[in-house]
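From first to last, the protein sequence lines are chains A and B.
In case it helps, UniProt numbering puts the first sequence at residues 1 to 639.
In case it helps, UniProt numbering puts the second sequence at residues 1 to 105.
Heads up, a few of these hints could be off.
[Claimed, not checked] Partner residues aside, some chain A positions facing chain B, computed with beta carbon under 10 angstroms:
hint: 1; residue: T217
hint: 2; residue: P249
hint: 3; residue: M610
hint: 4; residue: R614
hint: 5; residue: Q616
hint: 6; residue: M620
hint: 7; residue: V623
hint: 8; residue: G625
[Stated by the list, open to error] In silico lysine-lysine, BS3-like type, Cα no more than 30 angstroms apart, as pairs:
hint: 9; chain 1: A; residue 1: K116; chain 2: A; residue 2: K558
hint: 10; chain 1: A; residue 1: K394; chain 2: A; residue 2: K536
hint: 11; chain 1: B; residue 1: K54; chain 2: A; residue 2: K605
hint: 12; chain 1: B; residue 1: K98; chain 2: A; residue 2: K608
It is worth saying that the hints were derived from the structure and are not from the lab.
On a predicted model such as this, the values are computed, not experimentally measured, just so you know.
The beta carbon of each residue, even a glycine, is placed where N, CA and C say it ideally should be.
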Amino acid sequence: MNYTAIILIPLIPLAVFLVLGLFNRKIGPGVSGLVGVGGMLVSTLLSFYTAFEYFMVLGKVSGAYPTLVESTVWMNFTETLRIDMGVLIDPISVMMLIVVSTISLMVHIYSRGYMKGDEGYTKFFSFLSLFTFSMYGLVLATNLFQIYIFWELVGVSSYLLIGYYYTKESAVAAAKKAFIVTRFADLGFLIGILLIGYYTGTYDFETLNNPEGATLTHWAPASFMGLSVLTWGLILIFIGGAGKSAMFPLHIWLPDAMEGPTPVSALIHAATMVVAGVFLVARLFPMYFFVEEGFALQIVAFVGAFSALFAAVIALTQTDIKRVLAYSTMSQLGYMMLALGVSGYEGSQGLGYMSSMFHLFTHAMFKALLFLCAGSVIHAVHSNYLKDMGQLRKYMPITHLSFLVAALAIAGIPPFAGFWSKDEILVAVYQQNTFLYVVGIFVAGLTALYIFRIYFGIFWGKDNTYEHRPAESPASMTVPLIVLAVLSATVGFIPFSEFISPDRAGFDAHIDIPMAITAVAVALIGIGIAWMLYKKESGLATRLTDRLGVLYTWAHRKFYMDEVYLFVTKNILFKGIAAGAAWADRKIVDGTMNLIGNSTVLFSKKIKGMQSGRVQDYAMAFVSGTVILALLFIYLWTS
Amino acid sequence: MIEGISIYELLTVSTILFFIGVYGFITRKNLISVLISVELILNGAAVNFVVINKYLYPEVLQGMIFSIFIIAVAAAETALAISIIINLYRKISSVEVKEVETMKN
């Protein structure tokens, strides 16, 4: 393997970030766009080269894809416990390289058109590069600490990009919310890392994940409340992952994050950063699977299934198209978690793991496409709301067709990408747990319904009279749409199970015909309902929502999760705990310090007069001192 | 060796001279008087050197030379001090010690 090429993949965006960030004012928008896109292009080519080298040239070593690590010691604590910095190459990190670089490149190109004329154009590209660098670092991390560092870095770049329109109050609030909520979840992640580091004596993924290694054969070095400490560690790490991947109940930041520019939503909050949580669980999958017979993994499965259902229901009721897509992202991430949660380890047992990664891959393509299409629509009509749209297919044919491809992909209609991965997920879930399968298939129907609801709402629906006649976006925006549409239509045919499986050996996956028919039928029902309700403007949808009454209101208000959080933070945390702590801080901690300070000041005021500045006073003091000393010496000598 | 005068008497004189100087240095209000007091202190010390040299080590000359050295230093110091005092007078129109309290301005 060519490690120089691999290390260059993250370093190029870093260099672009530094150049654009440091010379922000000097670089004009034309140059910065070219530098950003150029850097990304090189980095993308290197990613594809690496993938080709890894899967095609190197291939399987004794029946399984090897894990390649190239690292240097960064911090050395004990003989075994140390933190490295380096790159780890295995099937999922290579796959993530492809996802991150492809989407990032498309978003860079798209942004050249979308952000045209924006004041902070150069700043925007430098932030995008910072994010891309951090994301690369995250997927290539060799150990828990390195992944944690880059984990926080993607959090920071997400914060910067959500708050990009920093003059808008809601954007600032959303950025803060995203940062605080994920940071809160990361506290769990950090404690989990420390727990695992303490009890296993290593942070390295390779050592931790070795099925024959000490960690996985002796997974109960100590127990706490009836569970192995390693299980606790894994649950805490999953909390970190759930925060990033917007799993219930830590999802509240994701819909608000849509305040950022739409390309950012496509890159960070749909395709790459939010899958970091899924990636993290996949990265530690052998640990999740073997420790305590996969207890932590069951939590992952149930949280994933619940989030998928919860988000899909909310997505049905939102009127802001970006928010619908945000909840859809959350729902699809729930799918990925669910698939990971029901996966086995050996051979074709690893279908869940493989399908989760497959769905991650296809979802990145079609969800980025959906967001970019939404961005194109918003660019044309200057509004996020469905009520301001309608009949846009006449004005924006390319956007319309791309959106249709993406919508068919996410709904799971063959032969588009989403069908293949979603089908594998449903098969994997069915083999393990019928209840979760029912949830999954129901969510599949809801997915088709909500996505076609906004599709019909935007491109068909009512005849809006537009003040400015909406027009198709410029080529810099439509080209990425076309590329992603082609990808969304075709990536499903990649034989993913050949490349990615928990034991690395690969297996043959095949379409389960009855399952596929069921899933497609459910999706078609969803589309059919959307067709009836939203294709033409009719009172049907309104009458239905009226009939549902309270249920609709609940879902429309996102099940009052924000209000619950506000109540908990304001009334319990702020009033109860924080107020007491603040009192103790002001009165006791500050009081002690003030007492010391004040008494020093008082004392020095008293003795200040001694330093009069008059030479004669000093001479007097000096002489008296001498005389006293002399008398003392005489007394001591004579007695 | 001076007939009829012992070392004690001479040392008493030098001590009195020294302490008159110290007293003057501490109490005088006028910078010129302070300067004169400093001269008295130095002279007291010089007399001490000469007397001890003369009475205890008559065969060497270091004490004498030291006192001449002290006189030279005192002259230089006076010149310097006088020039400072003149400058001070030009600046604040006063040679009172209590007017000169701060190093700056």
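Here is how each hint holds up against the structure:
1. T217: violated, 78 angstroms
2. P249: violated, 66 angstroms
3. M610: violated, 14 angstroms
4. R614: holds, 6 angstroms
5. Q616: holds, 5 angstroms
6. M620: holds, 5 angstroms
7. V623: holds, 6 angstroms
8. G625: Nearest chain B Cβ about 13 angstroms off; hint violated.
9. K116/A x K558/A: Distance of about 34 angstroms is beyond 30 angstroms: violated.
10. K394/A x K536/A: Judged against 30 angstroms, a Cα distance of about 15 angstroms means the pair holds.
11. K54/B x K605/A: violated, 53 angstroms
12. K98/B x K608/A: holds, 18 angstroms
Going through the hint list in order, the structure does not satisfy hints 1, 2, 3, 8, 9 and 11.
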